[in-house]
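Number of protein chains: 2
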Amino acid sequence: MIAPSDLPNDLRTLCEQLAGRARSAARKLAQAPTFRKNHWLLACAEAIEKQQSPILEANAKDVAAASSVGLTAAAIDRLTLNPQRLRAIADSLRQVAALPDPVGEIREVTQRPNGLQVFKVGVPLGVILFIYESRPNVTVDAAGLCVKSGNAVILRGGKEAFHTNSILHEMLRLQLAEHELPPEAVQLVPTTDRDAVGYLLRMKDEIDLVIPRGGKSLIQRVTTEAAMPVLKHFDGVCHVYVDAAADLSMAEKIVLNAKCQRPGTCNAAECLLVHRSVAATFLPRIGTLLLAHGVELRGCHETCRLIPAARAACADDYRTEYLDLILSVKVIESLDEAIDHIHAYGSHHTDAIITTDIRTAHEFTRRVDSAAVMINASTRFNDGYELGLGAEIGISTDRFHARGPCGLRELTTYKYIVHGNGHIRE
Amino acid sequence: MIAPSDLPNDLRTLCEQLAGRARSAARKLAQAPTFRKNHWLLACAEAIEKQQSPILEANAKDVAAASSVGLTAAAIDRLTLNPQRLRAIADSLRQVAALPDPVGEIREVTQRPNGLQVFKVGVPLGVILFIYESRPNVTVDAAGLCVKSGNAVILRGGKEAFHTNSILHEMLRLQLAEHELPPEAVQLVPTTDRDAVGYLLRMKDEIDLVIPRGGKSLIQRVTTEAAMPVLKHFDGVCHVYVDAAADLSMAEKIVLNAKCQRPGTCNAAECLLVHRSVAATFLPRIGTLLLAHGVELRGCHETCRLIPAARAACADDYRTEYLDLILSVKVIESLDEAIDHIHAYGSHHTDAIITTDIRTAHEFTRRVDSAAVMINASTRFNDGYELGLGAEIGISTDRFHARGPCGLRELTTYKYIVHGNGHIRE
Chain H
0 MIAPSDLPND LRTLCEQLAG RARSAARKLA QAPTFRKNHW LLACAEAIEK
50 QQSPILEANA KDVAAASSVG LTAAAIDRLT LNPQRLRAIA DSLRQVAALP
100 DPVGEIREVT QRPNGLQVFK VGVPLGVILF IYESRPNVTV DAAGLCVKSG
150 NAVILRGGKE AFHTNSILHE MLRLQLAEHE LPPEAVQLVP TTDRDAVGYL
200 LRMKDEIDLV IPRGGKSLIQ RVTTEAAMPV LKHFDGVCHV YVDAAADLSM
250 AEKIVLNAKC QRPGTCNAAE CLLVHRSVAA TFLPRIGTLL LAHGVELRGC
300 HETCRLIPAA RAACADDYRT EYLDLILSVK VIESLDEAID HIHAYGSHHT
350 DAIITTDIRT AHEFTRRVDS AAVMINASTR FNDGYELGLG AEIGISTDRF
400 HARGPCGLRE LTTYKYIVHG NGHIRE
Chain R
0 MIAPSDLPND LRTLCEQLAG RARSAARKLA QAPTFRKNHW LLACAEAIEK
50 QQSPILEANA KDVAAASSVG LTAAAIDRLT LNPQRLRAIA DSLRQVAALP
100 DPVGEIREVT QRPNGLQVFK VGVPLGVILF IYESRPNVTV DAAGLCVKSG
150 NAVILRGGKE AFHTNSILHE MLRLQLAEHE LPPEAVQLVP TTDRDAVGYL
200 LRMKDEIDLV IPRGGKSLIQ RVTTEAAMPV LKHFDGVCHV YVDAAADLSM
250 AEKIVLNAKC QRPGTCNAAE CLLVHRSVAA TFLPRIGTLL LAHGVELRGC
300 HETCRLIPAA RAACADDYRT EYLDLILSVK VIESLDEAID HIHAYGSHHT
350 DAIITTDIRT AHEFTRRVDS AAVMINASTR FNDGYELGLG AEIGISTDRF
400 HARGPCGLRE LTTYKYIVHG NGHIRE
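Chains as they are written, first to last, in numbering that gives the first Met the number 0: chain H, 0 to 425; chain R, 0 to 425.
Calculated directly from the structure, the hints in this document are not laboratory data.
From a predicted model like this one, the values you see are computed outputs, not experimental measurements.
Any given hint might turn out to be false.
What the hints assert, rightly or not - Far from chain R, some chain H residues (derived; all Cβ distances over 10 Å):
1) Glu48
2) Thr71
3) Ser91
4) Arg93
5) Asn136
6) Pro262
7) Leu288
8) Gly293
9) Ala311
Claimed, not checked - Beyond 12 Å from chain H on every Cβ pair, some chain R residues (computed):
10) Glu15
11) Asn37
12) Ala64
Unchecked claim - Straight-line Cα separation of at most 25 Å, DSS-like style, residue types lysine-lysine; simulated pairs:
13) H/Lys215 to R/Lys203
14) R/Lys119 to H/Lys119
15) H/Lys203 to R/Lys203
Ideal Cβ positions, reconstructed from N, Cα and C, are used throughout, including at glycine.
Between the sequences and the hints, there should be enough to build the whole structure, so can you do that?
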């Protein structure tokens, strides 16, 4: 942790120094062998498990300050660490150590008719600016993923977690030095001044990518101000469409899971679409179950008729990511109407169909233009671990570079290496 | 071609209409089967070959206007079409038809331990704005690549080629309609007003990607103004490094090819680095050859001593993309110095080493951070066709999304399709 008296007076100079050191660390880290990065990950996991007291003390300061400024109980819970959560943080580092290294990975090899051998090889993106809100586990996760993928990272956490983030960062940094890796491969913006973010977002020659993770206003600000590419998602307005040919008991299970298992996540369902031909059977059943799980229902006219406890939805409801135990519900006439509704109101994040008709399933997956399209599975499976990428740094709803969960490979680019033997072009 | 009287009065409205129609065409085109896109490509090739007269007449108008405003002979040559060039344009469409369709391509399939099947499937980016300068063949090439990859394209060519582009566009559009493809999948900005570009570059919700191709000022303007991602390269400051262990006759052949075969291209060499231990042997030989090919040499002190006809280079020379028969030359002391020079002065486009030492070759390819790194081959091979991608829409020196030559696959993104059987998350 840098003491405030060591900070350069000029915030812009501070940011330039951070970015310059990150660039130089990134060049070194790009060449680091896999075993060294893995040893670092395992040593950090061990340090976090063995040195719990200073972390928990720093965290207690943040929690006390958060309570005194009146943060919500949910926010304080997200901020709070305990021995069990520290073990989970350490375990996630161990999982990253076990994943294959995307740097140097040969993604394609071809031999051209003239004998040239063309290799497409994974290389790091360079310097990543990661801006996130209060959960301190994200500090460690992001650093682990960036370093394993050969990238230097500048971490900018929420001010509520500043003491916790500072001590975690100090541990990660010490271990970098001990493992002959550049200590400035992981830096924490050593001030909570909001203007620092503004300066960093303009440094497109020094920072290759910015990843914002948090509320919509944070992501909006970063998208507007960033001069470099941004990897992000705004909204997760995810749908479950129960088709005319759905297995209705499967549909019940999936709708309940998609809405209730973790309603605060971006891949939780926010809207249920039900084909008219099964509405009279399905809606009263699922309505009862959802109400029993504490879910508030906001539906179309037909929904309200079939589930009297539902209240009328307005058009805005269908566009809203509730992140809460609220679900909008609409009875629709056809597959076409379901797809049109998803395109008009959705956010291209995750949309599911429940059907036993293979042609309808095929049509839905072909036409729905979302990062992940599910057949007979919960929307909650759009997740780096669940889809087999290992850990993830976030989920992208952008079309450029990476779509869906972003893991180690999505934090890299590639170069072509071409082997000739005196080849020239005629 | 839209007659000027049909243009909406308001330029912004015109641009919004263009973009809106492109979005709606893109949704339809994304679902078009491969055979239909290929039939369209082949029919366009035939139309261009069979209807040469109206194309050549329109082109003659552009050429006459260009001569009267005093365009350079080289620029007029690039603008001019003739029967042979029309055949080449038609052939390039046939080549695109023969390439595999990246849309619907299954890029990865995994089965998760819980039985979920995860497919990663190619899908179009959406709407592409393509801004380019005078060569009319680019109009047809870009339209062919965009449509084959399922994208709608808005073409904005140079005003010098407006009549030629308009008639070519009209042919492409007619064939779209004849092949049951959305005619507005290929649109040409129907005005040469520069402000139209400004409006289009702000429409980030309607346009998914902009590709500028042309001079540096065009690319600079687009990069500064675009609200959506940009795929581009600024400079091709490409190096050939002749190592201490180089086969010097191979080095001669490659240096000559890299500099002289087509000096106006972005992958032509602009700087020759020669290891001191071979400089006294190699530089006088290559100097004589290059001078005989009309190449002007700008060298360091040692180069000027060994090649008296070379003039002294300034630091700016080493940063310059000459795109002409000029080469900067520097004698260096070590592989490290070569790599440092390439990082300090290069543009991360294409850099080559000539060496027989496998360890030096490995070190060079590992550490040089360019889109393409060549061993014992001419820099001229960094090209979509030569590297096996088929045709290309441009070469990217960005790190994000695609690096190096961008072909059909680089014009797409992907989505995850997940098959379950009632899967829920626990």
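Tested hints:
1. Glu48: holds, 26 Å
2. Thr71: At about 26 Å from chain R, H/Thr71 clears the 10 Å cut-off, so the statement holds.
3. Ser91: holds, 17 Å
4. Arg93: Since the minimum Cβ distance to chain R is about 18 Å, H/Arg93 lies beyond 10 Å and the statement holds.
5. Asn136: Holds, because the least Cβ-Cβ distance between H/Asn136 and chain R comes to about 19 Å, which exceeds 10 Å.
6. Pro262: Consistent with the label, H/Pro262 stays out of reach of chain R, its closest Cβ about 13 Å off (over 10 Å).
7. Leu288: About 13 Å separates H/Leu288 from the closest Cβ of chain R, which puts it past 10 Å; holds.
8. Gly293: Label holds. Min Cβ-Cβ 18 Å, cutoff 10 Å.
9. Ala311: holds, 29 Å
10. Glu15: holds, 18 Å
11. Asn37: holds, 19 Å
12. Ala64: holds, 35 Å
13. H/Lys215 to R/Lys203: The given pair, whose Cα atoms are some 18 Å apart, holds under the 25 Å limit.
14. R/Lys119 to H/Lys119: holds, 19 Å
15. H/Lys203 to R/Lys203: holds, 20 Å
In this structure, none of the earlier numbered hints is contradicted; all agree with it.
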